[in-house]
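Chains as they are written, first to last, in the working numbering: chain U, 2 to 155; chain L, 13 to 417.
Just so you know, the hints here were simulated from the structure itself, not pulled from any lab data.
Note that the Cβ used here is the ideal one computed from N, Cα and C, for glycine as well.
The hints are all genuine.
Facing chain U, according to a computed beta carbon distance under 10 Å, are these residues of chain L, among others:
id, residue
1, Thr-359
2, His-379
3, Phe-415
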Amino acid sequence: MDIKELYQEIVLDHGKNPRNKNKLKSFNKEAKGHNPLCGDKIHIFLKLDNDKKVEDISFEGEGCAISIASASIMTETIKGKEFNVAKKILENFLNMLKESSKLRINSLSEDENTTMMSLSGVKRFPMRVKCATLAWHTFMHAAEEKKGTANTEK
Amino acid sequence: MDIKEIKSKFPIFKNKINGKKLIYLDSANSSQKPKTVIDRISKFYSKEFSNIGRSVHSLAVTATNRFEETRDMMQKFINAKHREEIIFTKNATEAINLIASTYGDKFIKEGDEIIITELEHHANYVPWHFIRQKKGAIIKFAKCNDKGEVEIDEIKKLITNKTKIIAITHLSNVTGAIMPIKKIVDLANEKKIPVLVDGCQGAPHLKIDMQELGCDFYAISCHKMYGPTGVGVLYAKKKWLDVLPPYQGGGGMIEEVKKDHITFPGSPTKYEAGTLQTAEVVGFSESLKFIEDVGIKNIMEHEKEILEYGLDEIKKNNSVKIIGDPKVRGSIISFTIKGIHPHDIATILDEDGVAIRAGHHCCQILHEKMGVVASARASLGVYNSKEDIDALSNAIKKCNKVFNN
Ligand SMILES: Cc1ncc(COP(=O)(O)O)c(C=O)c1O
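This is chain U alone, in the form it adopts within the complex (with noise of 0.2 Å):
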């Protein structure tokens, strides 16, 4: 195993410059997701029109490479997609993570399957899973206006 299947190029580049890493003028949903095992903290800011689709979405936080590249990749892949779609990213982003190794959306370019597939490696690190999804759990959170934070403990 090499460690640098989990840092893969594309991850440590969203992880050091990570994209939409702000908070937005205008959102009409929000929420923030905490991981007490490792104290990530995540603020996901977000725009969702009444044609249900993802106008704008950024995000705020502090953690590790791996959950600051997430919530990059994220928001890079969503924006702009309808929230049904997103949706079947999002399950298929934690099936990867859980399951199979590879991603299995028609709807996403082969540059946004790339990127969405330097997270694989976190497959192999069942600790950092949750790294991971933290993000996606938190723009769930928002999306679906669930109350509270969104807890990876919970």
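Based on these hints, arrange chain L with the ligand on the given structure of chain U.
Below, chain L with the ligand alone, put in the same frame as chain U:
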């Protein structure tokens, strides 16, 4: 001291981690166990087990004797004046909760003050927070300086007529600072304020003598002393045990039970409710033997040598920042690496078999004070050698490489 020989007494080191030799630098979290401890538990279950203190059959007598012998050994080990001052708990956390709850219930009123420090582990803050909530008491934090130590004047400053207890760590599990317990006890004595010491990191690494330290309460987790999990010790001065109420209620801790009243025996029975972790306590007797055989003085000298070597080696790497620089310190090095989150550090180190801890180490207040969210922590045990430190510095260099720092 022959570290190779000592290490050979710990079966865990025969295993490979990710195909590599195990470099265990997480003893502040929990130490590894010598074979004698593991075997003792197995022997106890195979030959001597039954529940203690309840039945009159032979096995019950044997088991009770083995259990109580461990109490005697512990009394000697920490030089407590009376054997009933040794109470077995499940860990140091429970020991501190026991005192916070019983002492807090009886002696702390609204507006009273509890002094702790910014160095404290959550185990020595949260139980006091419960009392703060329940009683409307006030918690005052003695400030930690940028060297990661708490000066005695910072404690002195906070003492008032309302101070009801001072609860402090013996050895910080983040900065390694060793607190001048004796001086703090002297200071507290002037005002008749009891002192509770969180001895989690003190007991495995320092010579501890209750009569010399003079503190009222001392909390220990035996799993950090080469002992089994599930065993803690609360040392409490006899004068308190006579006045404090029981903690948990149940079997084993009663004297007489009637429909309209219940009476309780003295310590330690009063504080040991329910069936205890018998095998683990008996197993712990072998940890004490192990420490005594090696000699706590030898352990201290050895760990000091490795610590100093470790600090020197790690400081050579410019990207590493060590948290705190206390004048008197024990075998703990917490650090950060520029541009790399501690969890990423821990994962990369683990690939090379180097086990450290990453996070806030249950000390969020201290990390906030030091201006970091989390840190990586290498902590020593008697089995660590300079080669372990070399493996650590090489693995740290690898972090820089993976992250192209
Ligand atoms: C200083 C200190 N206090 C308290 C604890 C809590 O120990 P335990 O979890 O064994 O009760 C620890 C261990 O993590 C510690 O290092």
